[in-house]
Structure formats: C-alpha cells, structure tokens
Amino acid sequence: MLTNYTISVFTTNTVGLLNRITIIFTRRRINIECLTVSETERKGVSRFTIVIRSESREFVEKLVRQIRKITDVLAVFGYLDDEIVFNEIALFKISTPLGSEPLDVKTINLDWNAKVVHWGLEYVVVEKNGTEEEIHEFYSYMKNWEILEYVKSGRVAVGKTEKGLVEFLPEEGNWEIV
Amino acid sequence: MGQTQTKIAESGQSEEKKFFSGAKAIIQSLVDQGVDTIFGYPGGAIMPTYDALYDYQDRLKHILVRHEQGAGHAAQGYARMLNKAGVCLVTSGPGATNLITPIADAMLDSTPMVCIVGQVKANLLGTDAFQECDVIGMSMPVTKWNYQVVDANEIPEIIAKAFYIAETGRPGPVLIDITRTAQTDLMTIPYQYKLCKTLISYKPRVEPKVEHVEAAAKLINAAKRPYILAGHGILISGAEKELNEFVDKTGIPVATTLLGMSAMDADHPLFVGWPGMHGNYGANVLTNSCDLLIAIGMRFDDRITGDLSTYAKQAKVIHIEIDPSEVGKNVKADAPVVGDAKAALKALLPLVKKADHSEWRAEFKKYDDEEYEKITKKDLFHDGNHIKMGEAVALLSDKTKGEAVVVTDVGQHQMITNRYYRFKKQNSMITSGGAGTMGFALPASFGAKVAVPHREVVAVIGDGGFQMTLQELGTIAQSGLAVKIIILNNNFLGMVRQWQQLFFDNRYSFVELQNPDFITIAKGFGIDGHKVSDRNLLSESLDTLLSSDKPYLLEIVCEKEENVFPMVPSGGCVTSIRLE
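Going down the list, the protein sequences come from chains A and B. The opening position of the first sequence corresponds to residue 186 in the working numbering, with each subsequent residue numbered one higher. The opening position of the second sequence corresponds to residue 3 in the working numbering, with each subsequent residue numbered one higher.
For reference, chain B alone in the conformation it holds in the complex (with noise of 0.2 angstroms):
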C-alpha cells in the first residue's frame, strides 16, 4: 500500500485520480516485471495501452513493427537470446490473428512470450463488433495459457501470471486478451505488482526425482556405446557448462538437435554434429547402433526419429525432459528422467563413472570421413562457377569465428547453415524448427540483435522466405540496429524443389520464383547492400557485410538446382540415409 502511494506520487497524478487506469496497469505492469522492450503494433482496441505508454517512453522501449507477425518473431528472437519472454502488443482482429503464426511457432519451439491483444468493449463481446474475434478461441490450441481480461483489477496479478507461465518449466507463448473496457475503466483497488512465484494449478518439476537419476547413472555407467542427443533443453535451461563437464568425464559423444545447435563447441573432440533429416551421417545411422541413447531436453521430432518403428530399438532410453507428457511420447523411455535439464546433469555428474568411449567414438569418424568425401569436400571446393551456399555458410563461419548469433529462416539454406557453420559459442542459433515457419528470420535475427546488441547477428534468408516479411527491413532500418542480413538466393523455393525433384519425378509445381531487386528494395528502406554472383567475390562481399556498422544486406546468387545431403527421406528409417 505505501509502495503504490509512493508510486502513485511519483507518477504525479492528481489526488482524485489516485487509481490507475487498467490501461496504465497494463504498462506499470510490464515495468515492474522488469520488462524493457515491447514489440508492436498499435490499433483501435489498444490505443488505451499505446496512450498509457505515451508517459512511460523513458522505461519501457517500444519498437514498432511493419506488420504484426513480425512482432511475433522478433519477441521470439528476443526471448531465445535472453531465455526470457519476448513481449508482444497489438490489437485486437486482424492485429491477433496474424500474430497467431509466431505463438504457434513458439509453441513448438518452446519459446516464452507474453502476448498482450486488445479486445472490443465488453459490452460489444459477441457481437462481431468491428475488430472483434475470438481470439481466445483461436489461440488456444497454440498457447501455454491464455485469458481475457473485463475487470481492469485483476490486470497486474493477470500479467504477472502470464510472465511465470510462460518462463518457467517448459517455457511457451502466454496471451492475454484484455478488452477496450479493461484497459479504460479506472480500477477501485490501489494499483499493486507482486511477482508471481508458484501457482497451485502449475507445478513444473526442475529438481528431477533421485530414483530416477540413480537409475539413469546406472545405465550410463554399465552403457558400451552410448550417445547423447542434446536438445533445445540445454540452451534454454543454460546447462551448456553441465553438459561439456558431463560429457567430458563420461567420454559419450553428443549430437545436438536443430534447435540444440551451438550448446557444444563444434570442435569439441566428442560433438559428432546433428541427427534428422539433413543431419550428419553418422549421427543418423549410429542411432541404430548404440547401446545407450541418452535424450537430454529434446522430445524426438518426427524429423530427428524418421520410422520410429525402425529407430533405436537396439538402444535402451534415457529421456530428460521438463515436460512429462514428451516422455515416452514417441521413443519409449527405459529411464525417464523428469527434470530441468540443467538440474539432471548436475545431479547425474556425480553419478557417472569416467570413461573413455574411444573406439566407439572412433565409428563416428569413420562416417565423417566417408560424408565429407562424398558431400562437405564438393560443397566446399568445387570447381563450378556458381557459389554453393555450403561454401558461403563455411566462409561465414569462418570470418565471424563461429562466434556470431545465426539466425536462419526455413528450407534448403537452414539445413546448409546448420551444417557448415561451426558454431563456438553457446546459445547463437535461431530458428524455427518445430514450425518451420518462413518469414521467421528477419525479424527474429531483428529481436535477436535488440536483446544482444553488441553481437554479430547474421540471418541467412532464402529468397523465398525474405518476401514474407520483407516489410521488416523498415522496422530494421528505424532502429539502425546493425543486422546483417544475407540471402542465399537461388530463385527457386529450393527445399520444395529438391523433393520434387527426388520424390516427385522432377515435376517442378510452382516453385521458381521471379524475384525483385532485392538490393533496390533495401535501399528504398533505406538498408544498404549488394549482390554477388562471382565467387571470386565472395569473400571480399562477406568483409563488406561484417565490417559494416549499419544494417546490411547481402545477396548472395547461388547455384539454381543445388540439393541438401545428407537426407532421411520422410518417415525413413535413419539407415536409410542418402548421402546423394
């Protein structure tokens, strides 16, 4: 009560208006949350929330969008960097439905986010008032919880409910619906904040159970040829430090998931590269031959697994994951282990007996050499005259030391950049993997560079997937953040392309694209750039997109008709991998 008077002082109202306004709960909330960045879109059903804002410019930073879906993103690209909730503001109708796309995604992905949509009047509720819809119905399938907000005292404990929901446990997209009568009412009860701490209807399990760990540590213990699939799980529970420790000790090597990427240095002596569809060689068909399958924050995608009839049955299973209800899911867990990753490797490092898995290490090897003789060596040394987007990733890599944050959309370029970028640092890549959204990158690589603005940030963007959310480059362009923005353009939506021209007898159906300027486009933004086709100039383009301070476009033209390998065709065994 004193800290609200004091609140209420400082704000400098008048004495007969000492209670908020649901609008101005709305955005004391978010501050006192500890909230700095809001992405998003005014409109009818919020200009409420946007004219409470107006007063709090100096504490909380709004970044206006070009489109409301690309609020979505960069809240997610904000919220991967930070492992904290991006936060969204839009209205209500079309201002919600097209943030449904990015909620959806970071459903998949596990991604925290506090999306705050405004609604008609109550008394309008159901009645298709102008802007009005249901959005509490559509968005539920797609959120870890949701609410609508009529009583304009019930916002600060709302919000701060949201934030914990959509933070802890598992982390995912949280709305909150609150309607035009919330927000402008005046609330009877003096404007109070209290960070929401544990909820009796949501109990996420982090310390993982000691039975379970015991049981997990003996099969580690007695395993001959175990491996690891590292998932999301490590980078957003931070246990990027725990996993190196524990896999030092116990000699296992480690694949990382699509969205697991960077949590291992890339060089490390026992990362043996990713598992799935266009994963590595190795990391495919050793699955089927380890002893010991130790799953850490990861819940077996149909991408990673392929037939799951045919997937792993030799191995037994160990499954550490926060969320129960992936346990056993797809890949039946011999030891389930419910628990933040972070806290299971801690209390299993104890545990685990020091190993040196050498020989069994030495067969990944063995598939690396044969994968890079028949892929990585002609994607990277060819002698064609086109530039193949394996060699732009690698001298990527290497120019930014592996140690840029990689944001990347979806489709042929995304399986290449996870393949050839050698990532060194922890938590640097992005993307949409559940989902698989196009449009995702630029601006999430936008979001990713607002939370961390003194790291290289670089979205590699096929042609296609640019044009979704093109409009983003003005968004970019306002804010002067230097984004560097590559697209691996081959005129062709490539990855469709490519199963139609393995799996569709070369029936090319819509899939060539006649592009714009795209360099013209980014200067009309004002975002400089250049094109580069001659791969004599490809190094030299990639200098003059990193050495610049402002956002930078760099289109790269790539050979037209270039496939991914390795690929598992869809809802294969992992054996039955092709390498061309």
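Next up, chain A with everything else stripped away, as it sits in the complex (with noise of 0.2 angstroms):
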C-alpha cells in the first residue's frame, strides 16, 4: 500500500542545492508529489518540506541516509502523517460576472472555513488552508461556480515532538535566532 512521507530537510542556504536533493529523488524514479522550500526561524538554514509515496519504510529510510550524505544538509527527517502537524493552502479564483449565481460567502466562511480573499471586477480569490482531502473536498462545492484559475501549495509540517529545530542542528553553530 502506498503511505505518505514527508520528508522534511534542514540545509544551509546554498544555491543549486534543491537540484541536488532532487537528484536523488529522480535516480531512483520517485515522484516528488509536492514540494515547499523556506525560511526556517534560525538565520540561514533553508527547510525543504517534501512528500512522496512510497510502498516501504525501509526504501524512505534509504533515501533519507542519501539526503543526509549531501553537504550542506544539515538534518533529515521522514515522517508518517500522524507523526507531524501539516496543512496546505490553496487559492481558487472564481467568476463572478453580473448576473451570475453569487458566491455563499456565509458558507464559505462558517462551513468550510475558508475566506474571500480579493474582490476583483467580475471574480473573486478564496484562500482555503486545509489537508489535501479538506482542500479537495472543498474544491468539490467550489465546482459549483465557475473556476478560472485553482492553485495549491505543498505540504508544510512540524513533527509532534517538544524538540525544536536548533536541537537537531550541529551543536558548535551559532544558529542565530531569526
């Protein structure tokens, strides 16, 4: 059965290095099914939030000790999803011509939790944060309206651990607070 991972990878800022991480993604034929790259909350260190599927535990563990042998990686991770706290954010934008049916905003707000965004001439962005099933559903009732544009981001994650970041970090860094 294929299971989700996430793998989450701390590096310095480094040009060419996401090349370098997904080189190993791609010699092994694994789809990266998304990818988010940011800021961490300590000065220099990019983090890589990425998921795959993969059938075996064993296989992401392997490509987790190949990540972990890039220079300039700092620290990696794998995750099952009931080992972190993850969410996307998707922005769908709808056509609001005169005339047309409106947009149920109440419902928007109060039963999906999502929110109008921007108010253009003749549509609207609705900003929807969510798991991916959430965000699916939810694209589902959005269907109801005409989507002219629909973009999801990828996964972002913390582990449900205490540990913060800097405990994973080599101890002599002096990983300066953001």
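Think of the hints as simulated: they come from the structure by calculation, not from any bench. This one's a predicted model, so the numbers in the text were calculated from it and none came from an experiment. Ideal Cβ positions, reconstructed from N, Cα and C, are used throughout, including at glycine. Don't take each hint at face value.
Label pairs and their computed distance ranges (CB to CB) [what the hints assert, rightly or not]:
id : chain 1 : residue 1 : chain 2 : residue 2 : range
1  : A       : Thr316    : B       : Asp507    : 54 to 60 angstroms
2  : B       : Lys220    : A       : Phe353    : 26 to 32 angstroms
3  : A       : Asn216    : B       : Asn290    : 48 to 54 angstroms
4  : A       : Gly201    : B       : Asn332    : 26 to 32 angstroms
Here are the simulated DSSO-like pairs of lysine-lysine, each with C-alpha atoms no more than 27 angstroms apart in a straight line [to be verified]:
id : chain 1 : residue 1 : chain 2 : residue 2
5  : A       : Lys348    : B       : Lys205
6  : B       : Lys163    : B       : Lys220
7  : B       : Lys318    : B       : Lys334
8  : B       : Lys199    : A       : Lys228
9  : A       : Lys247    : B       : Lys315
10 : A       : Lys300    : A       : Lys337
11 : A       : Lys254    : B       : Lys334
12 : B       : Lys226    : B       : Lys315
13 : A       : Lys247    : B       : Lys331
14 : A       : Lys337    : A       : Lys278
15 : A       : Lys247    : B       : Lys211
16 : B       : Lys552    : B       : Lys426
17 : B       : Lys205    : A       : Lys247
18 : B       : Lys356    : B       : Lys211
19 : B       : Lys211    : B       : Lys199
20 : B       : Lys348    : A       : Lys254
21 : B       : Lys163    : A       : Lys254
22 : B       : Lys86     : A       : Lys254
23 : A       : Lys247    : B       : Lys334
24 : B       : Lys199    : B       : Lys86
25 : B       : Lys367    : B       : Lys427
26 : B       : Lys196    : A       : Lys254
27 : B       : Lys211    : B       : Lys334
28 : B       : Lys403    : B       : Lys552
29 : A       : Lys247    : B       : Lys318
30 : A       : Lys228    : B       : Lys196
31 : B       : Lys355    : B       : Lys226
32 : A       : Lys254    : B       : Lys211
33 : A       : Lys254    : B       : Lys199
34 : B       : Lys163    : B       : Lys123
35 : B       : Lys199    : B       : Lys63
36 : A       : Lys228    : B       : Lys226
37 : A       : Lys228    : B       : Lys163
38 : B       : Lys331    : A       : Lys254
39 : A       : Lys337    : A       : Lys291
40 : B       : Lys211    : A       : Lys348
Got two chains here, separate frames each, mind docking them using the hints?
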C-alpha cells in the first residue's frame, strides 16, 4: 500500500541544493508529490518539505540517509502523517460576472473555514487552508461556480515532538534566531 | 595579515598591486594547501590561471596531459597512491565535459579529487557563450560537492573547503567552477589561506560509537564460521596493519574486494581471495555458509552480491562503513558500525577473543583445491601454443615479487590480473571498479608513477581499453617516467565476447578489433617496446620490460578466445558460480 511520507530537510542556504536533493529522487524514479522550500526561524537555515508516496518504510529510510549525505544538508527527518502537524493552502479564482449565481460567502466562511481574500471586478479569490483531503472536498463544493484558476501549495509540516529544530543542528553552530 | 604581507613581499609585487588576482589566489591556495603536482590542460576560460601558474613553476609541478580525461584518471592514480586529493586544472565547456568520466569514476571508487574548471566571464553565464557549459549542473550527480565561484575573494576559502570535503569521510571528487571574471578580478581583501578543518554542514563520523563496536564484538566472539570481506576502506584509511592484527588474533578468514585487493598479503594463511563475479570459488560459495559476515569498508556492490535475495541470508552481518548511507543499502546489517575502518578495527581489537577457526578455514581450502585443478592449472601450465593471460600475469607477479603497483584497465585482463597477481605490498592495486571505465589504466598508471616514482608501476591493459586513451603515451614520454605498460592483446573486446559466447549464443556482435601496430605507435611517441607471441619468449620479454629505466610497452599476444572463470552469472546467486 502506498503511504505518504513527509521528508523534512534542513540545509544551509546554498545555491543549487534543491537540484542536488531532487537528483536523489529522480535517480530512483520517485515522484515528488509536492515540495515546499522556506526559511526557518534560524538565520541561514532553509527547510525543504517533500512529500512522496512509497510502499516501503525501509526504502524511505534509505532515501533519508542519501539526502543526509549531501554536503550542506544539516538534518533530515522522514515522517508518517500521524507524526506531524501539516497543512496546505489553496487559492480559487472564481468567475463572478454580473447576473451570475452569487457566492455563498457565509457557508464558505463558516462551514468550509475558507475566506475570500480578493474581490476583483468580475471575479473573486478564495483561500482555503487544510489538508489535501479537506481542500479536495472544498474543491468539489467550489465547482458549483466557474473556477478560472486553482492552485495549491505543497505541504508544510512540523513534527509532533517537544524538540525544536535547533536541537538537531550541529552543536557548534551559532544558530541565531531570525 | 602579517603573513599575507610577507607573502606579498616575497612574490615581489609592487605596492599598488598588493591584492592578488583571483588566478594568483587559486595557485597560491594550492601551494598553501600543500599541493605539489597538478594534472591539466589549458584553454580560454582558464588562461588567467595558467598565466599565474607560469610564476609558480618552481613550486608547483604541472603535468600537461593530452586529453582532459587523461588528467582526471592520472589524478585518480596519484590520489589512490597517496590517499590525498589529486588535482586537475582544465578549461570550460569541452574541457570540463571531458573530465566528467573520471569524476564519475572517482565518485564510485571513493577517490579524492579536486577539479578546478574555468568558466566563461560572469556576465556571459547562461548565454550559451563560447565554450560555456553548465558544468555545475552536469557534475552535480557525480561529485561529492561542487561550487561556482564568481567572486575572487571567495577563492582561498572555497579551495580549502574543497580539499577538506574531498579528502575526509568517504573521499570523493569535488569540482570548483571558476568564472574568468573571478580569475582576472583583483581580490579586495588581503589573500589569506586557512586550512579547512571542520564544516558545520558536513560531519563525517570517524570514531564509531562504543555501543556499536561492543555489539559487533559480541557477534564476533560468538561466531563459529565468521568471514571477513575487506574493501577499499582498508586502503583508504590505511588500516592494513589493524586488519592483520585483527585477523591474526581472531583467526577469521578474509577475502578482499576488487578495490580492497592488496590490503592483505596474498600469501597470508587466512587470505582466501576475493568474492564477486570473477572472484574465487570458495570466497563466493562460502558467503552462503558463514554464520557471520564482517564487511569492512565496502558497499556490497551487485558484482559482489549477485542476487541479493539469496545472498548470505543465513549469516548475521556486521557492516563497518564510514558512509552511513551505504549501511543497509543493499544488505541489511545486524550490527552496523558507522566509522572509519581503521578506527573501528582499533576499537574492536581489544574486545575480540583469540580464536582458531582452522576447521572453517579448511573448507575454503577444499574449494581452493578444486578451483586450482579446474582453472588455475589450465591457465598457468597448459600445452597450448598461445600465451594465456593468466600465465603472463603470474609470471609478472613472480618477477616483481608481488611488490609492484599494478594498475589495470577494465575487462578480462582486469579480472585475470586480480586472480594471478600475488600482492605482497599494501596499497598496490589501482583499478576502475565501480564505474568500469575503459581507458582508465594508462593515465592512472602514469599518475601513480608520479606519486611513487621509486616504485615499479605496471599498467596491465587490454587492446580495447588501450585505444581509448593511448594519446597519454605522449604525456608519459614527455615526463620520462618509467611506467611499464603491458597490453594483453587478444584482438577482441574480450569480456563482452565472453558474455556473447556464454549468454548470447555465440553471436559475436561487434567485438573483434582490427588493431594497429601498437609498437610502432609507442615508438612514434618515443617509447620503446616490443611484441611477444611466442610462449618461450614471454619470460625474457618481461625481463626486458622490467629492466628498462624508461617507459616501456610490451604487447603480449594472447589466446584469442580465452574465458575468465570462475564466473557468477550476472544477477545470479553466489553459489551458482561456474568453473567452466
């Protein structure tokens, strides 16, 4: 059975590292389901959140070790979904020409926990946060209107432990908080 | 700062030009790193650095090769002999792409290498400028680290980092791509070189964890039929002495991998040969009878394991390895020991009990005897008219007392050389194992000879591989170094032919070579040589080769369709090994 694995990679902020990391996946013909790169709370440390699907935990462990080996990678973790708090964000651009069925903003706000973030002349942009499944369900609901554009981010995730990132970084570093 | 000023004063620069150019910083950094030899080939984008090199000829020996691939393999040969980074200096575009094969080779065979590559001017990057190529993108999967320099000020620090990464942990190739602009620009800070000793984002583990060593020792002390596979890690960490002490105390039989060859004296009573596709009979079969497999500094390559699902399933496995990503990659380790082979063996030695596994060792002997009857005897003592590769190598081994540095290319002769050369001296075998790069041996043997000019260095090459890099005869001739070259010529791409015979129904598809007159070619380059096809003249031919104080080429005409046995069919179980 294919299981979601979320791989969190912490690196120094270096040009070309994304390429070095993705090579590990492409060599093994692993499809990256989604990928997010961001800053962290520590100066000079970047964070890659990569989601893949795999049948084998052992296989993912091997991947993690391969990624750990890359120079400039500071720490790597592989997580199952129940080991992390995670979310994604989606934007829906909905056509609202004059005379069309108006958006049910109240339902969108209260039932779907989403919101309109931009009112255009003949369109609106609705933002929805949640898991992939929640966003997927919301998508079905939004199909009641004409979707001009839909975009979803990759996953962001933090581990369900009391430990902070800095505890996994090499000790001698001066990991100044941003 | 004070030191920098002294250096500036020594180099005689005028006051107004007190900052180094990037090019000068490159060369001075190499000197300050302790580099004394570089292998290279000039060209447009690296010319400022070659200009700086002009002033350093008294301190830095530059060897002009005939092709960048030759620079790479020569640097590999050099690095393998000295266990320090071999350095290449080449230009952008094709200069860089020609270096990719040696870099990939060095990556697979854990060879430290620092490749300095010119790049087009910074303002031309990404414009498809003349001789521009994305060498960072290209080399990324085959380097341990790479970096593009656009700022001259960065040069000393980046070069120091490159050597540190290349030489520590599991060694490997590093590439620095330096734009022409960074070479011609003057630094805006005083030049200063500091050796890199640690990096925050790269932490190889040298000392193994105590609990891991203890767990391994426990398994070793309990084992009845333990078996050691010693790999390249022994040579890289210089653990030959520790391995011998460990083996002498524990009485455990040892096989060395292709790249670990020469880690043990071939005549050591506990040395049982080598495992793998063309390795020894017992060394393969008994992998599946031992109760404990102790792998040291090796990575369970598929050429060793064959079918993983049937490989050593009955045995517990201790895997001592500096690269954690190799542990459990192919074979699951019951007791992983991440660390340097030498450090791990040192830590293990006091914990293991003295033992005598003579009964178990005797099982290897049984297989050895059968292999001798069925293969070795026929290779060495036959009645045929033609010279067999095995007898040539065995004779070479006798005549050099097993003490030469032997560099092989890739193919049948490579396997035969490792079968019949009886290595007596440690760190004496250089070959392209992981990548299997034909054309490796000639430049690599030259690099080895540059590294250890006082040792006899013999390149054993097939007729196919020789023609891939034979232009390096020019480099050898120009250096005058007495590299001894043997071509084992069977007019075939022998290993492919053997496979076609055994597994493709004798359908010889493009494997027969119409060869040039190798001796005339050598002489054209100014290298003396001769050809021998008469078995009776083999011995004196080898004497001529070995007694030459100049480079010499001996072409040995061998039996055309000789096969290398034993052989484990590709992907087969180690016990499915064929003796004929």
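So, going through the hints one by one against the coordinates:
1. The hinted range of 54 to 60 angstroms is satisfied by A:Thr316 and B:Asp507, whose Cβ atoms lie roughly 57 angstroms apart.
2. Against the hinted window of 26 to 32 angstroms, the Cβ-Cβ separation of B:Lys220 and A:Phe353 comes to about 30 angstroms, which satisfies the hint.
3. With their beta carbons about 37 angstroms apart, A:Asn216 and B:Asn290 fall outside the hinted range of 48 to 54 angstroms.
4. Separated by about 29 angstroms at the C-beta atoms, A:Gly201 and B:Asn332 satisfy the suggested range of 26 to 32 angstroms.
5. Restraint check: the Cα-Cα separation between A:Lys348 and B:Lys205 comes to about 21 angstroms, which is no more than 27 angstroms; the hinted pair holds.
6. Distance restraint check for B:Lys163 and B:Lys220: the Cα-Cα separation of roughly 39 angstroms exceeds the 27 angstroms cut-off, and the hinted pair is therefore not satisfied.
7. Between B:Lys318 and B:Lys334 the CA atoms are separated by roughly 9 angstroms; this keeps the pair inside 27 angstroms, and the hint holds.
8. Restraint check for B:Lys199 and A:Lys228: satisfied, since their Cα atoms lie roughly 23 angstroms apart, inside the 27 angstroms limit.
9. Between A:Lys247 and B:Lys315 the CA atoms are separated by roughly 20 angstroms; this keeps the pair inside 27 angstroms, and the hint holds.
10. Restraint check for A:Lys300 and A:Lys337: satisfied, since their Cα atoms lie roughly 15 angstroms apart, inside the 27 angstroms limit.
11. Restraint check for A:Lys254 and B:Lys334: the C-alpha separation of about 19 angstroms stays at or below 27 angstroms, so the hint holds.
12. A hinted pair counts as satisfied when its Cα atoms are at most 27 angstroms apart, and B:Lys226 with B:Lys315 qualifies at roughly 16 angstroms.
13. Only pairs whose Cα atoms come within 27 angstroms are accepted, and A:Lys247 paired with B:Lys331 is accepted, the gap being roughly 6 angstroms.
14. Proposed proximity of A:Lys337 and A:Lys278 is supported: the alpha carbons are some 12 angstroms apart, at most 27 angstroms.
15. Annotation: proposed proximity of A:Lys247 to B:Lys211 holds, straight-line Cα distance about 20 angstroms (limit 27 angstroms).
16. With a C-alpha separation of about 24 angstroms, the suggested pairing of B:Lys552 with B:Lys426 holds against the 27 angstroms cut-off.
17. For the proposed pair B:Lys205 and A:Lys247, the alpha carbon gap of about 18 angstroms is at most 27 angstroms, so the pair holds.
18. Distance hint between B:Lys356 and B:Lys211 is fulfilled; the C-alpha atoms sit about 23 angstroms from each other, no more than 27 angstroms.
19. At most 27 angstroms may separate the alpha-carbon atoms for a hinted pair to count; B:Lys211 and B:Lys199 meet this at roughly 21 angstroms.
20. At roughly 25 angstroms between alpha-carbon atoms, B:Lys348 and A:Lys254 fall within 27 angstroms of each other, so this suggested pair holds.
21. In summary, the hint linking B:Lys163 to A:Lys254 is supported, as the alpha carbons are separated by about 16 angstroms, within the 27 angstroms threshold.
22. Between B:Lys86 and A:Lys254, the direct Cα distance comes to roughly 21 angstroms. Compliance with the 27 angstroms bound is thereby established for this hinted pair.
23. Of the pairs offered as hints, the one joining A:Lys247 and B:Lys334 holds, with about 11 angstroms between alpha carbons and a cut-off of 27 angstroms not exceeded.
24. Restraint check for B:Lys199 and B:Lys86: the C-alpha separation of about 15 angstroms stays at or below 27 angstroms, so the hint holds.
25. Distance restraint check for B:Lys367 and B:Lys427: the Cα-Cα separation of roughly 23 angstroms lies within the 27 angstroms cut-off, and the hinted pair is therefore satisfied.
26. Proposed proximity of B:Lys196 and A:Lys254 is supported: the alpha carbons are some 25 angstroms apart, at most 27 angstroms.
27. Simply put, B:Lys211 and B:Lys334 have alpha-carbon atoms about 19 angstroms apart, close enough for the 27 angstroms limit, and the pair holds.
28. Proximity of B:Lys403 to B:Lys552 is assessed by CA-CA distance (about 20 angstroms); at most 27 angstroms being required, the pair is judged to hold.
29. Note on A:Lys247 and B:Lys318: the hinted pairing holds, with a Cα-Cα distance of about 20 angstroms set against a maximum of 27 angstroms.
30. For the hint pairing A:Lys228 with B:Lys196, the CA-to-CA distance comes to about 25 angstroms; that is within 27 angstroms, so the pair holds.
31. A C-alpha spacing of about 12 angstroms is found between B:Lys355 and B:Lys226, which places the hinted pair at or below 27 angstroms, so the restraint holds.
32. Of the pairs offered as hints, the one joining A:Lys254 and B:Lys211 holds, with about 18 angstroms between alpha carbons and a cut-off of 27 angstroms not exceeded.
33. At most 27 angstroms may separate the alpha-carbon atoms for a hinted pair to count; A:Lys254 and B:Lys199 meet this at roughly 18 angstroms.
34. With a CA separation close to 23 angstroms, the supplied pair B:Lys163 and B:Lys123 stays within the 27 angstroms bound.
35. The suggested pairing of B:Lys199 with B:Lys63 holds, with an alpha-carbon distance near 25 angstroms, which does not exceed 27 angstroms.
36. A distance of roughly 54 angstroms separates the Cα atoms of A:Lys228 and B:Lys226; the hinted pair therefore is violated under the 27 angstroms criterion.
37. Note on A:Lys228 and B:Lys163: the hinted pairing holds, with a Cα-Cα distance of about 21 angstroms set against a maximum of 27 angstroms.
38. With a CA separation close to 13 angstroms, the supplied pair B:Lys331 and A:Lys254 stays within the 27 angstroms bound.
39. This hinted pair checks out: A:Lys337 and A:Lys291 have alpha carbons roughly 22 angstroms apart, not beyond 27 angstroms.
40. Between B:Lys211 and A:Lys348 the alpha-carbon distance is near 23 angstroms, which keeps this suggested pair within the 27 angstroms criterion.
Checked against the numbered hints listed earlier, the structure breaks hints 3, 6 and 36; every other hint is satisfied.
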